[in-house]
Amino acid sequence: MKKSPNYLLKSILFISLLLNAIAVKSQSRDDINNRDILYLTSGGKVNPLQAIMDIRHYTIELEVDIANQSIAGFTEVTLNLSQKTDTILLDLIHLYKVTNIKVNGKNTVFKQSNDKIFITSTEGFESGHKVIKVEYNGIPPVAIRPPWDGGFTWKKDIAGNDWISINIQGEGGKMYFPCKDHPSDEPNEGVDMKITIPSNLVVAGPGLLMKVTTKKNKSTYYWKTNYTISNYCILFNIGKYKVAKDTYTTISGNTVPIEYYVLEVDTAQAKKVIELKKRDTKILEKYFGEYPWVKEKIGIAEVPNSGMEHQTMITFDNKFKYRNVGGQEYSDNLFHEYAHEWWANKVTNKDWAHMWIQEGIATYAEALAMLELGGELAYNTMIDGHRRGVKNRKAMVLGDEVTEEEVYSGGDIYGKGSFFMHSLRYLVGDEVFFPTLKKLATDPKYTYDNFVTTQDVENLFSTASGKDLKPFFDFYLRTTSVIDVNVKEIGFQKYQIKLNNYFMPLPFDIISDGKLEKIIIPAEGIVVKSNYAPQVDPKGFYLKKITIE
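Going by numbering that gives the first Met the number 0, the letters in the sequence shown line up with residues 0 to 548, in that order.
To be clear, the hints were calculated from the coordinates, so they are not data collected in a lab. Wrong hints could be hidden among the right ones.
What the hints assert, rightly or not - Taking lysine to aspartate or glutamate pairs in the EDC-like style, the calculated list, with each CA pair at most 16 Å apart, reads:
id : residue 1 : residue 2
1  : Lys-528   : Glu-516
2  : Lys-44    : Glu-404
3  : Lys-154   : Asp-316
4  : Lys-444   : Asp-512
5  : Lys-223   : Asp-245
6  : Lys-349   : Glu-62
7  : Lys-285   : Glu-405
8  : Lys-487   : Glu-548
9  : Lys-493   : Asp-473
10 : Lys-132   : Glu-60
11 : Lys-110   : Asp-184
12 : Lys-101   : Glu-62
13 : Lys-44    : Asp-184
14 : Lys-210   : Asp-191
15 : Lys-393   : Glu-405
16 : Lys-217   : Asp-30
17 : Lys-110   : Glu-125
18 : Lys-543   : Glu-375
19 : Lys-466   : Asp-429
20 : Lys-517   : Glu-488
21 : Lys-270   : Asp-191
22 : Lys-217   : Asp-191
23 : Lys-193   : Glu-75
24 : Lys-270   : Glu-289
25 : Lys-466   : Asp-483
26 : Lys-497   : Asp-508
27 : Lys-154   : Glu-328
28 : Lys-487   : Glu-523
29 : Lys-105   : Glu-125
30 : Lys-390   : Glu-375
31 : Lys-271   : Glu-328
32 : Lys-393   : Asp-383
33 : Lys-223   : Glu-75
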């Protein structure tokens, strides 16, 4: 997801709602009429009651009442308990009324409190396989600023047809279905979704469309994915869609369907979007390996908000405006969200703390697209923009078990994350960097059912390069420092170059007397002879400041 630059809006809206709540003697969050959800985020520390749960599958069956902007139905959560417990804990925001819960087919006692469902048994729930069916209904939160502040968006297209999108990355799956709301546990056996809507509309969803059933004036769309999928990608979009179809042959020779759920009024734009998609796939496959979801589809859905990386059905809306790169049309939004099929959906962080891996490498993928389409100049121009955009308000990696809000509020996981990859490329060299990056994107150790952390990435690149990269990873990712380079004249045409705050040997491009050399600068610094002050890192491979004495 591309982060909005307007970080203050959420705080302003929250303060406004808070003052209003005080004025009316604020209701409890347990009150279904209290619509305040601005406090919501996802992730953080795993609740001990949920630490013993392994989510296997979700089945979501809902009817969407567009006129009343409400939903009703049930979700079945299939999970394994690692030990006996008297309480099963699921997450679901307070805006829904749970009417009944069954565990393995038996009605069960439950309580809703603080955006959670506590399902209890005096006899206890034995360890092992459990299917929890939760029946519920309610009015979903309306997205204030989708996709950054999530919820449902209820719109009309220019022809007056209903057009609904869902965005739940920041707040989690609990925004509309009961779940274990933590990035470290995904349904390894996939998701089944059956969504009922007015029959004049179409549902776009993840995976494969198994069946459409129509009765009277309602249609039920049955979408199924067998892949592991993140909670925030388990959703659907609704519109007066036409499905533009094509196929793509992957780098490994597999044929994958392309399905573009484009508004009926925009069908003339579909061919161009699909052709861009094919070209972008070739670029991404070159660097990161085969398209990850060959057993399902390459999917796109047109939505009334900025795009998102929803697995096998990324969303897209750029008003069909493109920019020119190397004589070719290019969409930043379309490419970035598509890169997330590799970096987010296939290679997934164990915790929000490591989100720079998903967002930073997806952003760096855009620079690689510039390299392919516009050459070194286009690549360097984009990388320079990422460097200039670094804010260094907080470190990119803040520890473990942090929330989505803590990570995204810093604003640097995109540009600084990308620039870190650029610096790492220079440090280890292309002959190590690109094969290792592809290994991270293709090795089963890091993909699909498995999760990655910053430590995993560090270990992988350290092993591949034969260097201990911990100081470099720590400096870039766990501090807000920039490399302090001191150039000091110490004699006639003699200059000492020393790094004041980085104490491991580091290579630098240095220009002295018009000659460029790549030189290792050790902790004690180096001395170079030059008729004038040497230039250090002239092409900007590092985040740095230079002092000349």
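Taking the numbered hints from earlier one at a time, note which ones the structure violates and give those numbers from smallest to largest.
4, 5, 6, 7, 9, 11, 12, 16, 17, 18, 20, 21, 22, 24, 25, 27, 30 and 32
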